[in-house]
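Asks: Here are the chains, one letter per residue:
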Amino acid sequence: MRIAVVTPYSDEPLEWLRQGHASLADQGHAVAHILVADGRPDAEVAKLADQHIVLGRRHDDGGNVARMAGGLSAASQRFDAVTFLDAADWFLPGHLAGMVTALEAAGADVATARRVLHRIDGTPVGACRQVDGLRTADPSGILLAPTAFSAIALWCLVPQPVAGDAAQSVLGYLQGRERRIVAAGPSPTLAKRVRTRAFNAGLGATPWDAWLVDGDLPDPTAVARWWRDIGPEERARQFRRIGIH
Amino acid sequence: MTRVAIVTPYHGEPLAWIAKAHASVRLQTHPATHILVGDGKPEAAIDGWDAQHIVLPAGHRDWGHTPRAIGALSAAAQGFDAIGFLDADNWFYPDHVASLLALQAEQDLEVASSLRVMHHVDGRLLHLCQLVDGIETFDTNCMMLFPPAYSALPVFALVPPDVRYIADRWVSIWLKRRGRRVGCTGKGTVAYRVRYRYFYETSPLPMPTEHIVDLKIPHPRELRQWWLALPEDEREFHMKVMGAR
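Protein sequences, first through last, are from chains A and B. Each residue of the first sequence is one higher than the last, beginning at 95 in this note's numbering. Each residue of the second sequence is one higher than the last, beginning at 1093 in this note's numbering.
Hints were generated in silico from the structure; no laboratory data involved. Bear in mind the structure is a predicted one, so any value in this text is a computation, not a measurement. Take these hints with a grain of salt, some might be off.
[To be verified] Now the stretches of chain B that chain A is said to cover, found in silico as 3 or more residues with beta-carbon under 8 Å:
hint, region
1, 1219-1226
2, 1236-1245
[Unchecked claim] Residues on chain A that point at chain B, a partial pick, calculated with CB under 7 Å:
hint, residue
3, Leu149
4, Ala163
5, Arg335
C-beta: ideal position from N, C-alpha, C; glycine also.
Hey, can you work out the whole structure from these sequences and the hints?
Replies: The following block contains the structure:
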């Protein structure tokens, strides 16, 4: 199975990107790493990439346009599966092998993974209890088979108010189009580096303090509430826009 | 004011042609943002233009359809109200965008189309195209999509490999099957530089000596025959890949 791993990046430390890239060697599957520069191409990052896409302007959208560009390019190249790995994250050994096994065993269109939360310096905190891969998903924990490739557009078609956590709407689209989704597991295999200041409180000074951000980790259930609360007319309009109807 | 994006994929066309296309976007009576997508042969000069520039590392060999989809979905994510297309070897007449917007406003359309005017490879005016009527038969250059039609954009990149050179035909089928409201201005506002060998072979014009493309676009009946000859499970697979199921 030919798998493409798409990583959007803008100004993350090279060390983080190298860690994510290095984690692809322990996956039990050969992969092509597609790195997508969101406005700030870096020659050193380009050296890591099997393919390097450059978006000439920065989109400040959490990597959504970059995920779409890399994902749709991979889909067009007829990779057998497309997955995503954010610049701050990495895969634990065997993550992709587990996803593929789960996908094939279930005859599914999509496999998802649970995640382990890490502080900004890379130290683990514990398994995330919010993301279960079925009702909620992490952008780095979604693997799409070709029959789910149309969901790649969702990174860009998600309504603006919930675009900051687009993975939940991608999952919702796939459910709405009746794609079979399987959660690999039960152990989490995605390492998520959390950059929020609150999550890292008490850690003390680290070399990565410049990359801390305000706010909390997105609450994935908030997206479902938004879709529920907009009412049937607006929901029908949005469904038409994203292609469910 | 309606925010309009025009997407131009390019791959090795003469820079003078791309510059002419770009100038025609800049000279529209209704302003438009030009998004150029280099499909494997990036032109550094474009970085200095008043435009957005996306660079894909390798040509997708699909007549610009994948870069077209990527540029257009990028525009959708940026919140553009309308998205049009312009091939690198063509150009617009100055009221192209304004006339499409006026028609959309008048008829509450989801897709607006113009007619096209055929030009020789050397640029000289030939005649109004007799094939493209903007309702039954589209040319990508003539189309402008509005948000309810944006979900058709990934189809450009996801059509079956054997027929990807006519992905625009699939997009138009997708739009019609999904009941999107389509209208045509009846005005020839796209200058279409004809590069097909068969066009010159069946006309009294001498065959141009360069920039000729040896490709015959099939009749819709041939496309339908090809589709119906596929096994049912294969048709179902392609429909799912494109998001039509």
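Asks: Work down the list of hints and note, for each, if the structure agrees.
Replies: Cross-check of the supplied hints:
{"no.": "1", "hint": "1219-1226", "result": "violated (count 0)"}
{"no.": "2", "hint": "1236-1245", "result": "holds (count 6)"}
{"no.": "3", "hint": "Leu149", "result": "holds (5 Å)"}
{"no.": "4", "hint": "Ala163", "result": "holds (5 Å)"}
{"no.": "5", "hint": "Arg335", "result": "holds (5 Å)"}
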